Structures are given as C-alpha cells and as structure tokens.
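Number of protein chains: 2
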Amino acid sequence: MRFGLRVAVPVLALLIAPFAVAAETVRWDDQVSSFNLDNGMEVVVIEDHRAPVVVHMLWYRAGAADEKPGVSGVAHFLEHLLFKATDTLESGEFSKTVAANGGSGNAFTSQDYTGYYQRVAADRLELMMQMEADRMVNLKITEADILTEREVIIEERNQRTENDPGALFGEQANAALYLNHPYGVPIIGWRHEMETLGLQDTLAYYEQFYAPNNTVLIVAGDVTPEEVKVLAQRHYGPITANPELPARARPQEPEHNAARRLVFEDARVAQPYVRRSYLAPERDSGDQKTAAALMLGAALLGDGQTSVMTQKLQFEEKSAVYATAFYRGTSLDNTQFTTVVVPVPGVSLREAEDNMDRVIQEFMDGPIDLAHLDRIKRNMRAQEIYAKDNVQGLANKFGRALTAGLTVKDILEWPDVVESVTEADIKAALSKVLEDSLSVTGWLTSDAETVK
Amino acid sequence: MRFGLRVAVPVLALLIAPFAVAAETVRWDDQVSSFNLDNGMEVVVIEDHRAPVVVHMLWYRAGAADEKPGVSGVAHFLEHLLFKATDTLESGEFSKTVAANGGSGNAFTSQDYTGYYQRVAADRLELMMQMEADRMVNLKITEADILTEREVIIEERNQRTENDPGALFGEQANAALYLNHPYGVPIIGWRHEMETLGLQDTLAYYEQFYAPNNTVLIVAGDVTPEEVKVLAQRHYGPITANPELPARARPQEPEHNAARRLVFEDARVAQPYVRRSYLAPERDSGDQKTAAALMLGAALLGDGQTSVMTQKLQFEEKSAVYATAFYRGTSLDNTQFTTVVVPVPGVSLREAEDNMDRVIQEFMDGPIDLAHLDRIKRNMRAQEIYAKDNVQGLANKFGRALTAGLTVKDILEWPDVVESVTEADIKAALSKVLEDSLSVTGWLTSDAETVK
Numbered sequence: 351m352r353f354g355l356r357v358a359v360p361v362l363a364l365l366i367a368p369f370a371v372a373a374e375t376v377r378w379d380d381q382v383s384s385f386n387l388d389n390g391m392e393v394v395v396i397e398d399h400r401a402p403v404v405v406h407m408l409w410y411r412a413g414a415a416d417e418k419p420g421v422s423g424v425a426h427f428l429e430h431l432l433f434k435a436t437d438t439l440e441s442g443e444f445s446k447t448v449a450a451n452g453g454s455g456n457a458f459t460s461q462d463y464t465g466y467y468q469r470v471a472a473d474r475l476e477l478m479m480q481m482e483a484d485r486m487v488n489l490k491i492t493e494a495d496i497l498t499e500r501e502v503i504i505e506e507r508n509q510r511t512e513n514d515p516g517a518l519f520g521e522q523a524n525a526a527l528y529l530n531h532p533y534g535v536p537i538i539g540w541r542h543e544m545e546t547l548g549l550q551d552t553l554a555y556y557e558q559f560y561a562p563n564n565t566v567l568i569v570a571g572d573v574t575p576e577e578v579k580v581l582a583q584r585h586y587g588p589i590t591a592n593p594e595l596p597a598r599a600r601p602q603e604p605e606h607n608a609a610r611r612l613v614f615e616d617a618r619v620a621q622p623y624v625r626r627s628y629l630a631p632e633r634d635s636g637d638q639k640t641a642a643a644l645m646l647g648a649a650l651l652g653d654g655q656t657s658v659m660t661q662k663l664q665f666e667e668k669s670a671v672y673a674t675a676f677y678r679g680t681s682l683d684n685t686q687f688t689t690v691v692v693p694v695p696g697v698s699l700r701e702a703e704d705n706m707d708r709v710i711q712e713f714m715d716g717p718i719d720l721a722h723l724d725r726i727k728r729n730m731r732a733q734e735i736y737a738k739d740n741v742q743g744l745a746n747k748f749g750r751a752l753t754a755g756l757t758v759k760d761i762l763e764w765p766d767v768v769e770s771v772t773e774a775d776i777k778a779a780l781s782k783v784l785e786d787s788l789s790v791t792g793w794l795t796s797d798a799e800t801v802k
Numbered sequence: 351m352r353f354g355l356r357v358a359v360p361v362l363a364l365l366i367a368p369f370a371v372a373a374e375t376v377r378w379d380d381q382v383s384s385f386n387l388d389n390g391m392e393v394v395v396i397e398d399h400r401a402p403v404v405v406h407m408l409w410y411r412a413g414a415a416d417e418k419p420g421v422s423g424v425a426h427f428l429e430h431l432l433f434k435a436t437d438t439l440e441s442g443e444f445s446k447t448v449a450a451n452g453g454s455g456n457a458f459t460s461q462d463y464t465g466y467y468q469r470v471a472a473d474r475l476e477l478m479m480q481m482e483a484d485r486m487v488n489l490k491i492t493e494a495d496i497l498t499e500r501e502v503i504i505e506e507r508n509q510r511t512e513n514d515p516g517a518l519f520g521e522q523a524n525a526a527l528y529l530n531h532p533y534g535v536p537i538i539g540w541r542h543e544m545e546t547l548g549l550q551d552t553l554a555y556y557e558q559f560y561a562p563n564n565t566v567l568i569v570a571g572d573v574t575p576e577e578v579k580v581l582a583q584r585h586y587g588p589i590t591a592n593p594e595l596p597a598r599a600r601p602q603e604p605e606h607n608a609a610r611r612l613v614f615e616d617a618r619v620a621q622p623y624v625r626r627s628y629l630a631p632e633r634d635s636g637d638q639k640t641a642a643a644l645m646l647g648a649a650l651l652g653d654g655q656t657s658v659m660t661q662k663l664q665f666e667e668k669s670a671v672y673a674t675a676f677y678r679g680t681s682l683d684n685t686q687f688t689t690v691v692v693p694v695p696g697v698s699l700r701e702a703e704d705n706m707d708r709v710i711q712e713f714m715d716g717p718i719d720l721a722h723l724d725r726i727k728r729n730m731r732a733q734e735i736y737a738k739d740n741v742q743g744l745a746n747k748f749g750r751a752l753t754a755g756l757t758v759k760d761i762l763e764w765p766d767v768v769e770s771v772t773e774a775d776i777k778a779a780l781s782k783v784l785e786d787s788l789s790v791t792g793w794l795t796s797d798a799e800t801v802k
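Which chain is which? The protein sequence lines are R and F, in order. Following my numbering, the numbering of the first sequence begins with 351 at its first residue and continues without gaps. Following my numbering, the numbering of the second sequence begins with 351 at its first residue and continues without gaps.
Treat the hints as calculated values from the structure; they're not laboratory data. Note that this is a predicted model, so its numbers are computed, not measured. Check each hint, because a few of them may be wrong.
Copies of one chain are not kept apart here, so a pair can be met inside one copy or by any two copies together.
[What the hints assert, rightly or not] Pairs of lysine to any residue residues, derived as SDA-like cross-links and limited to a Cα-Cα distance of at most 20 Å, are as follows: (1) K782 x D616; (2) K777 x P717; (3) K490 x A435; (4) K747 x S445; (5) K418 x E594; (6) K418 x Q602.
Bound-form chain R, shown alone (with noise of 0.2 Å):
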C-alpha cells in the first residue's frame, strides 16, 4: 500500500516515530465505544463476540445532496468508480480480494453519505482497514472506467426508475416538495446529467470530499475498540486531513406558501394511489423530541394492521386496499412526512383522498389510543433489544445517523426519548407538519381522464 496525495507522514517516518495519540476512548455501554483519530476519521466500535465476524463500514459524510449544481448522480458514479483501480491494486481487484477472504460486501449512496462495507472473518479486518484507506486517497480512474461505468449507472437508472412508474413519479413529486434545497434532486441523477457525467466531474467530488475528516469508520463484531484503534491508527491514521473540506450547509428551503399537486399518468400503472408528503423537520442533535413524536405519529397513522388509516380504510371502509403513513427522521436537512391510500377498484383518486384526509383529521380531532401508543412504544423497545443482535443492522443505524449530524449520545438517548413522547407531543408536532402549504399530494395513475 502507498499513500496519495493527502498524506503527510512518509513511510520512513512511520518506522521510527510513534502515532500521534487518538483522543481517549468512549465506553458508552458494554457494546459501544468510540474515539477520534488525530486527522478527524471518527471511530465507532460496536462489539459483539460471539461469532468470529466483522462488519467493516466507512461512511463519508458527502452524499447526493453535496454535489454540486448540474453533475447530479456523481456521489453515486463515484460509488461505483471506488471499484477501479488505485495505485496498488487493479480495477476489480479489490472485490476480488474481499471474495477471496471469505467475505462480501457492498457500498451505498444516499443524500447524506457514501457508505462501504465489508463482512469478512475477525482476522480480515486488517486487510479491509488497508483496501479501504488505500482507495480514500488512492484511487486511480480513467478515461475508459467513466465510459464504461457510466453506462453501468444509466442502466441501474433505467431499472430502477424509467421501468418504474412510481419511482419517477417520486421523483417528480420530490422534486416539487423541495423548493430549494439539493433535495429535489434524485440520488441517482437526473439522466441528462448523468449521460454528461466526466473524469473531472467525478475526481473533483473525490477530491474534495474523500478525506479522514469527513468520515465515520464503524467496526461492529468480534473485535475491541483496542484493537481497532491500532489497526485504525496503522492504515487510517497516516492520511492528512483535508483543510478544506466544506462545511456541509446546503441551500435550505424558503416559506412554503402554497399545498402543490401532481398528476403522474402512466400507462403501466396497475394501481393508481394518493400520496402526499409533507416537509418535516428531522432529528437534530440534543433536540431529538419531535422526531420521536413524528416517527410516533406516523405509526399510529399508518404502520401495520392496527393503525389507524389501515383500520378506517382497509377494514371498516374497505375502500383502500393499502395505506399507510411513514416519517424517516434521520436526515442532515428537512424530511418528509408522507400518507399514502391504495384505493380498491371503483374507488376515485379523489375519493381516496378525500378518505385520506378525513381519516387523518378524525385522528386530529379525537384522543390518541392510549392503549394503541403504548403497543408501538413496547413494539420499539423490543425492536431495539433485538437489533442489538444484528451487528450489520446496527452499524447501520449508527453509519446513517452519524452522517445525518447526530451523535453516539442522540442514538443511545433515542429510546428515551421515544419512550418520553405524549400524546400532546404528537398532536403538536403533527399539527406544525400537516399543513396544506409544507405539502404535495400526488396521483399516481394510468389515466388522467379518471382524475378528473
């Protein structure tokens, strides 16, 4: 392994000079530790020994929505171009090596960060560490990696969104929610800017975002903070910092003055739906209260059997065949609440939503369930003792929040906070979101005649 562009101590002085010291370790519990490396890589060791496996995770804190203006989709395409060669290593070379040890693994582009993982034997976890700070600062992409890559990421865009009406109606809808911020704009690009997408476009986010300050490393499994701190430190720890690494402040959203609505028509649509999304705050750090409530209220809303637009819609009504309300809080910016009704043949998208927003406002008016509350509160509780099982499933859930500006302190502070939530904090926080103005409502369908 050699060292790029951004490393300041040569080899020689690796030899005779001792690390700088990380910052001390932080026990947080009898499963979770974390401490800092001198150039800014946050650590997090979550431990599990019963099995003589790790989860390696390097997450960048750049996603989507740091790209810049025009080149949408080049977080993601350079997802794919970290699989090129670097210095050391061919193109291929470093999923071949990962296979060859008995291991998998993948990588993932989302709005707040770039992740890359790998799940391999306890004893692999050096080689990891080394492969993946190599490609931090080493990655050597060529003129014929973008075309060829390229044409790979349109055709996940092909598959993914232009076959999937939904999908591009999601887009379009996204789209019109956001006024502003990067948001709006798809993960996986726009196509016209995807099919521009270049060398320099791609080495430019490289450049500036691929750097040990901008990033979370997660080590879950068979392995102690000891140890991951030295294996850290070895391979992590020479890269230098990169001064200049922006701050992540992205346009944010004006007022929103007026409720926006969409007809998606598509032929290919087999079942027409309603579904409105309302801008909402996220979790903020130290002040997470009303996200929990959001996250609360949409489960009483619409998650599962016993919610309450299942109940009305689906079974008493019978005029859904699915509704449901979700709110994902873990987000750097403003999120979405959204409310989706499935209508049943016969029934018009203006009925479903009519239907829609009376079964929400009947829930406005009326007392929470208390009973109902407190279900979806133990139903979580027990949620997050078993994910303690799942070290993948965790480093997840620590991966997407550290990205999304939250700390160790807001994830293990969560299930109190839940716990903590009222019905008068749900009410409130519902009532500041479901505000015609914050929303889009759309109709999916295969004929515009029918909606009108």
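Guided by the hints, dock chain F onto chain R, whose structure is given.
For chain F alone, kept in the frame of chain R given last:
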C-alpha cells in the same frame, strides 16, 4: 481613474504604445453597428442623431441564475453595491456625478443579466465610460456597506414580494415549475438566504463575473461607432479579460412527467385567479421560429381585446374580468408560456380553469383566424418601426437579447422570422408546449374553502 486587479496594461504603456486594434466594425444597417474589443467586450452602437443625448448601458452576462446555490439574491445585491465606493469614487459619488452632469441612470438585475445605464448629454459619454469601467474592477465594498445595503434589499423584498400575495404566489409557482434549473429561484433571493449574504459571497460573484469578456456595451444616441470605439478602447480596453470566466452552463431541466398544481391562499387576495405556466423553449440563436410561433400563439390567445380568450371569456360568456396569455422568449434557457384567467365574482377558480381549458382547446381544434393573425403581425411590424424612435428601448432590446445567447443578426432577423410564421407553425409549437406534464397550474385565492 486607476485600474484594479485584472488590469494588465500599466498606465505608462498606455502613453507610449498604441492600443491593440479592435476587430473590425460591422455595420448592420443605417442605425446599428457592432465590434468587439480585444478583451472580449462586445460593443453595439445604435445611432440616433436627432437629439444630442446618449444612453450608455453596460450589460453583464450574469444574473440571478448564475449564482451559486445558497446565496440567492447576490447578483441583485451586488448591483446595489456597485454604487458604493471605488478606489477613486466615494460611496454614492457615482450617482451624484451622473446627476450633476444632468443625467439620469439606474441598474437592473434579471435571471440572465445585470445591467447599468446612464442617459446623459452626448458630450458626457466619456465620463460615464470612465466611471463604469472603474467600478467593473475597482469596487471597494466594506462590511458596513453590506450591513446597510442588505437592509435595503430585504426591505425591497418586503415591498415587492412579501406584501404582494400575487408575487409570493408567482415565486411558489416558479419554484414548482423548474425542477432543476435555477430559474426556479427568485431573482431578489429567498429571504432566509438574503439575510445571510456577506462580503465574501458578494466579492466572489463580482470577481467571477465582472470582467470585460462577460459584457455587452451598448451605446445608443447621438454618437458614431468611431467615437464609441475610441472611448471604449480608452476606458474599457485596458481591463484584461478574466481567463477563468466559467461557461454559462446552468443545470438543465429533466424530463417533466407530471402536471403540477398549487393553491396559494392569502387573506389579502382581493381578486382570485388561475394561472398556468408551461415550460417552453426560448429563442435560440439561428433557430428562432418556434419562439416566434409561440409569441404569436400567445398574442392570438390572450393579448388584448381582440384575443380569443378575452373575446370568449370576458365579452361573450362574461365569466372573466380579465384573461391573458404571454410568452417571453428572450431567455438563455427554457422559459414559460403562461395563461391567466381572473373570474368574475361568483365563478369559482375550478370553473375559471375549466373555461380556460375549453377555450384553449377550441382554439387548438379549430382553424386560426388568419385576419387576426395578420393584424397581430402588422401590429408587431409597426411596433418594430416605432421602436426605432426610442433608442433606450432599442438598447434594452439588444441588451436583453445579447445576454440571452442571441446575436445582433438574430435580433435583426427576428421581424422576418415572425413574418414567416404560418398557422401550422403556431399550432405545432403550441401543441408541443401545451402538455399537461410540462405545466404548473396555480390558484390564488383568499379562501381555500372555495377551491375544494
């Protein structure tokens, strides 16, 4: 006058070396001629020797749509700040000097340009050039200027936008129309971003865009091209081009797949109305026919007392107090084709919209009244002829077109292009634009209950 950071030719050199010869002057007709300076400044001279007056206009090919995300309003903010101090002028002295010389002047910002002009006695032209060239590179903005002038632009937003429901509605409709392009962001800026505009944001825009290779100089009135060339060489010629001027490539629109709607409710609305905008192509250099057809289509549909919408809705059916259609084709990127109906009291917005749709559909299904089309064309020809009498209006027309990617040739050919448009051209252009999926339909109302 001194020269600022981008000036390569020292003053001494000016005294001993002849100027580089500018490109040859092109004389387009008996009124319009043009040439370029070596530093990339495009110069257009419009002669009118009937009165000893000139209009001096400097247009930058940079407007609100060239701003970086997150600093909306900075183009317009800088326009205000250009009246502050330079190396040699005190803050406010620019305007005082224009007035003391019996002139008047102002400035304006749009999506595609920022412009500055003075109307003065012809013998004061050189002084205007000297001062305008000075502030292109020698501006000295202070933190105090930022604080005071920021209050001014925020107050301007209050007056123009916040206090006008129609303007707020237009902003939200615009943001919903553009899914990706910065035309969706208001020229004056989103309030929350205006409030944080700082010195660095402003200087960054100034240093990037205020350079001679990003300008069109238009001098109109009692002056010859030869005189303008001597003065422009003397005052603008020594300013060097900005070699890092970026290409004007804004993020373009993705495919629009879903008709959008919005309802803007504001108790201050005295007269509710429905407004629909369609994304529409702009005039392209060498290819202006579609735009000419759309302009004629808008005129047929909704320009004035004899237009189809007005005749039908206002006079025959008496369901509207006002109806109009308009299209502004002079734009660097995709523009809008807009129709508006203001219903009479008692007619709902839904009815008004249905009426609008019906009348437009009838227009599209039936033959075009060729006498009507001919009257419109004759009227436009007459306006072109009368326009020659108003040099300031002509100068504006040239400035808008030249900063929107058009050429002098395009501008001069425009009347013939309009003349050549046939009934079939209009129908073809309209039928491509009047697509639901390209549209945003907005209702402005004082009471959302009435629109449900």
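Taking the hints in turn, this is what the structure says about them:
Taking the closest pair of Cα atoms, K782 and D616 come within 20 Å of each other only across two copies (18 Å); inside a single copy the shortest separation is 34 Å, beyond that limit. Proximity of K777 to P717 under the C-alpha cut-off of 20 Å is restricted to the intra-copy arrangement: shortest distance 9 Å within a copy versus 58 Å between copies. With identical chains, the CA atoms of K490 and A435 are at most 20 Å apart within one copy only, with a shortest distance of 6 Å there and 49 Å across copies. Proximity of K747 to S445 under the C-alpha cut-off of 20 Å is found in neither arrangement, the shortest distances being 24 Å within a copy and 60 Å between copies.
In this assembly of identical chains, the alpha carbons of K418 and E594 lie at most 20 Å apart whether taken from the same copy (16 Å) or from different copies (18 Å). Proximity of K418 and Q602 under a CA criterion of 20 Å is satisfied in both settings, with 15 Å inside one chain copy and 13 Å between copies.
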